[in-house]
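Model the full assembly from the supplied sequences, consistent with the hints where possible.
So the sequence lines, in the order shown, correspond to chains A and B. Under this note's numbering, the first residue of the first sequence is numbered 1, with each subsequent residue one higher. Under this note's numbering, the first residue of the second sequence is numbered 1, with each subsequent residue one higher.
Errors might be hidden in some of the hints.
[As the list claims (entries may be wrong)] A few chain B residues facing chain A, derived, Cβ under 10 Å:
1) 32
2) 36
3) 44
4) 89
5) 91
6) 98
7) 99
Think of the hints as simulated: they come from the structure by calculation, not from any bench. Positions of the beta carbon are idealized from the N, C-alpha and C atoms, including for glycine.
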Amino acid sequence: NAGVTQTPKFRVLKTGQSMTLLCAQDMNHEYMYWYRQDPGMGLRLIHYSVGEGTTAKGEVPDGYNVSRLKKQNFLLGLESAAPSQTSVYFCASKRGQNEKLFFGSGTQLSVL
Amino acid sequence: EDQVTQSPEALRLQEGESSSLNCSYTVSGLRGLFWYRQDPGKGPEFLFTLYSAGEEKEKERLKATLTKKESFLHITAPKPEDSATYLCAVQAGRGADGLTFGKGTHLIIQP
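In structure tokens:
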């Protein structure tokens with residue numbers, strides 16, 4: 001099992017450009033999450049999904065959109081990137097409500 | 001609002017020097033408290049889950065404990081490979097909303 005796979009690993013954008021981050025998990029997990037990690041801020045939840053076709057907002061959802069068309073994939077989109085979105089993005093998944101999260105290896109995004 | 005506070009922010013120990021990391025939390029309806037380890041450039045890696053006050057779990061040189069207000073991660077006779085950032089997180093509410101994380105403790109073990 002590969003676990004949780006994120007692509008790309010690194011990306012540099014110019015302000016106003018758009019991009020999509022892909023998260024794929026092969027553990028048949030129902031729940032999937034997108035977090036961002038910034039120095040001094042810890043991990044903050046952006047959006048999450050409790051199953052195929054569902055999405056919900058987390059703590060810091062502004063400027064991001066998500067989709068979960070297939071159970072194994074969770075996409076995070078930036079429609080018009082801003083320098084404030086420079087961060088490391090982590091995808092995570094879990095099997096049940098109170099169970100542990102499995103994390104991907106992260107995407108380092110820089111917006112110039 | 002759920003809050004998780006970790007202390008200290010950073011800790012430098014000599015190899016073999018035991019210590020404890022603290023995680024204090026304020027949540028409505030704790031469903032679980034989680035400890036993760038994060039190495040530079042990698043995603044968090046799961047260590048422990050604690051569900052109720054008084055519960056303890058151990059793994060090699062690490063032992064996690066839980067009270068109604070805080071959790072401790074005890075590190076006994078640490079080695080340089082234990083150097084990492086240790087993250088504490090809580091699961092509250094409906095359980096589907098994701099974990100609320102503390103800012104972490106950056107631990108350095110010097111040989």
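Comparing the hints with the structure gives:
Restraint check, residue 32 of chain B versus chain A: the minimum CB separation of about 5 Å is within 10 Å; hint holds. Interface hint status for residue 36 of chain B: upheld, as the beta-carbon distance to the closest one in chain A is roughly 8 Å, under 10 Å. This hint holds: residue 44 of chain B has a C-beta 5 Å from the nearest C-beta of chain A, less than the 10 Å allowed. A hinted interface residue such as residue 89 of chain B counts as satisfied when its beta carbon comes closer than 10 Å to some beta carbon of chain A; here the least separation is about 8 Å, so the hint holds.
The restraint placing residue 91 of chain B at the interface with chain A holds, with a minimum CB-CB distance near 6 Å, inside the 10 Å limit. A hinted interface residue such as residue 98 of chain B counts as satisfied when its beta carbon comes closer than 10 Å to some beta carbon of chain A; here the least separation is about 5 Å, so the hint holds. Interface hint at residue 99 of chain B: satisfied, since its Cβ lies 6 Å from the closest Cβ of chain A, which is below the 10 Å cut-off.
In summary, this structure violates none of the numbered hints.
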